[in-house]
Amino acid sequence: MIETKDLHKKFGKLHVLKGIDLTIDKGEVVVVIGPSGSGKSTFLRCLNLLEHPSHGEIIFEGVNITSRQNDINQQRQKMGMVFQQFNLFPHLTVMKNLTLAPMKLKKLSRENAEAGAMRLLERVGLTDKAQVFPAQLSGGQKQRIAIVRALAMEPDVMLFDEPTSALDPEMVGEVLDVMKKLASDGMTMVVVTHEMGFAREVGTRILFMDEGQVLEDTTPDLLFTDPKTDRAKEFLAKIL
Amino acid sequence: MNFSFLPEYLPYFLTGTVSTVAIAFFTVILGVFIGIFIALMRLAKNPLLRFLSSAYVEVIRGTPVLVQIFIIYYGLPIHFPNTVIFGMDLSRFIPGVIALSINSGAYVAEIIRAGIQAIDKGQMEAARSLGLTNAMAMRWIILPQAIRNILPALGNEFVVVIKESSVVMIIGISELMFNTNIVRGATYIPLEPLYVAAAIYFLLTFTLSKVLGVAERRMRSSD
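These protein sequence lines are chains A and B, in that order.
Numbering follows this note's numbering, in which position 79 of the first sequence is assigned residue number 79; successive positions increment by one, without gaps.
Numbering follows this note's numbering, in which position 176 of the second sequence is assigned residue number 176; successive positions increment by one, without gaps.
No wet-lab data here; the hints were simulated from the structure.
Given the structure is predicted, the values throughout are model-derived calculations rather than measurements.
Backbone N, C-alpha and C define an ideal beta-carbon position, used for all residues, glycine too.
Do not rely on the hints blindly, as some may be mistaken.
What the hints assert, rightly or not - Per label pair, the in silico range of CB-to-CB distance: (1) B:Asn46 with A:Ser54: 17 to 27 Å; (2) B:Gly213 with A:Met1: 23 to 33 Å; (3) B:Leu10 with A:Gln136: 16 to 26 Å; (4) B:Lys121 with A:Asp230: 28 to 38 Å.
Next up, chain B with everything else stripped away, as it sits in the complex (with noise of 0.2 Å):
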């Protein structure tokens, strides 16, 4: 094993590594955005409404994260700046966001749907037969309970974002994954740059998952 390139290369990594996380947290919270809007369609009353969120969560679902985000970088009729942040260049950074955004939020509109319909339906009943709207036994009912059912599968599509972000550098972001490549090839060393890409990943993921745990386990004994 040679791992003689790491104090030269080592900049490498830790730069990749920052820009996998800032990707993972932007399109975290944007998946969630997204994710809550195409649940709260999905639950709609409006048929149309539930047909169009349905097909979007179908769609994404049965096409490859890779085509999404060809499609997205290549289709989207905005041009981004080329300012670079973190030796990230923005006019890939964005789409690329946005692409992993659009993915990760079809699986959270299910997570979410999943956790208010593990409700029991005596619980809408029974607030809406106090004079209720629906709105508010959504806010003061439902969804304080359904919360503790989605939190946890949430923290896990969490993980899968960190992870599902190294596809991003078939675009050119010059995350983790894209780093590493650089390294194996100005090294001429194909396989040890990937054992420290791995590492970093599943540190970042096992970390992240150890802390949702605590998390978790706080919520179930503060019932």
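Chain A extracted, bound-state conformation (with noise of 0.2 Å):
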């Protein structure tokens, strides 16, 4: 579904990512973890080109995304992004948060919008809120709203850049209980984090990046286990 070509990315001196070459096929649910500075998220950032790629190919569903010809809106289209900021747009409510992107990039009515807003309001819980302004949600409402507006899109691939770590602790398990059961209904997911147990627990494959490239790749079960390099052991054994 998404394939990485040598993938490099530098800010002006700084060499962040340092040749990635990666396949992730639909229905993986791939955790990203490494020390800060590793390039995970400029990794991430990559996919949907909220950061342009020094050098490299991204592949997406067939097409070369990262080429010149290529309109980039109809690829993020189908990839949905969460940031860690939640970045809700705090002068629209919940409910035009939720349906501004489909009513004007898929031509969907009013009605039908609002209509597929509900639906999504209702699996996270929310339909009490749907009128309400962003600045009255708690953090974990926030991150819960964010994760339906990107899926109001019906994207093909959710990327998430550290969903939990803005969060107070009491709110993290609410926002890993909507990934978990996203992963569940098959959504392929990359998803960049600190939360082992999540990664532990929904992963099917974990990467571990240090340094702008991937030492490992491989299941969460083994790397936790059984992690091949030192770094990655080194780094385990800080936050295990």
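Take each chain as given, in its own frame, and dock them per the hints.
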């Protein structure tokens, strides 16, 4: 579904990604872990070209999205993204946050878009917040809304950039629950996270990144019980 | 204090005030258009557009408005008709408004640019990640939020324009300051007409900033 070929990213002199070659298949839940500054967020943001790679190619559903002729807006409609800071639109109600993109891009009627939004809100238990502005929501509620905002475009893959890192500890669970449900429904997911419990329980595959490279590409069980590289051993010893 | 000139010369102050308000009104409208245009150029990807717009802003802000008015008045190749409306000669009024607008536009551009750049980067990223184009994200996500930063600052700029418009008297536009000088000359009273002018300017700007303050509070409370 997503293939990256020799992906490099430089910010000025800083070489953040140093050649990533990966294939992510439909239905996989890929968890990306690694120390801060290892390039995992940059890698994720390259996948929908929020960061443009300095070198290399990304193929999404058979289309080379890094080519100059490609209109990335088409593929972004198929790639939902969830941010650490939620990034809900503060001037719009929850309902409008959810219906804006489907109405503008898929040309859905207001009725259809709102019906779809209500079904999504039901899935995350927030139907009563439809007419509320984001400022009146808790962090956990905001992130659940951010997830369904991305789902409203009916994406083929969901990208999560540290979705629970900005949350108070007691709210992490409710967001992870939504993500677990999503995974069990068969959604393809790429998740950058520090939640090792989630990685172990939900991940079908785990990538350990350090200094811009993927050092381990394996299953969560194998990585946690028998890490192959010293860097991974060190990292896991610190966090587990 | 000698205000004995007032009954006879009050009409001079009144027509001058009307002219000042008209100049400020047209300057503000034209200035906002120029400002939006320059701000969009400053935020563009094209380096040439960015260079031209920041050069514009720097040059306008770095030269006296008095010099700009003279340059526009004597430098504009077009001659406007000498038609007189509300005691104002269009051949002077139009260059005056153009010069003030070009000046104000540079400040408005900075206000708009700052208002847009104050919006968190994550808003644009979230909008783009949904597949919205840059223009759609601007229209539906960024500008509606930026407007709340821009309007109050723009209100201050309007107040500045009313005061600054007094300098166009030097190209003979019969606005409030020009007419005040006529009264001073005609009556040989040098000081008191200036008090009247100051009072009128203050009345205009104070009223405007109060009105803008109310509008701003309304906007806040609708959040």
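Please list, smallest to largest, the hint numbers that this structure does not respect.
Of the numbered hints given earlier, those the structure breaks are 2, 3, listed in rising order.
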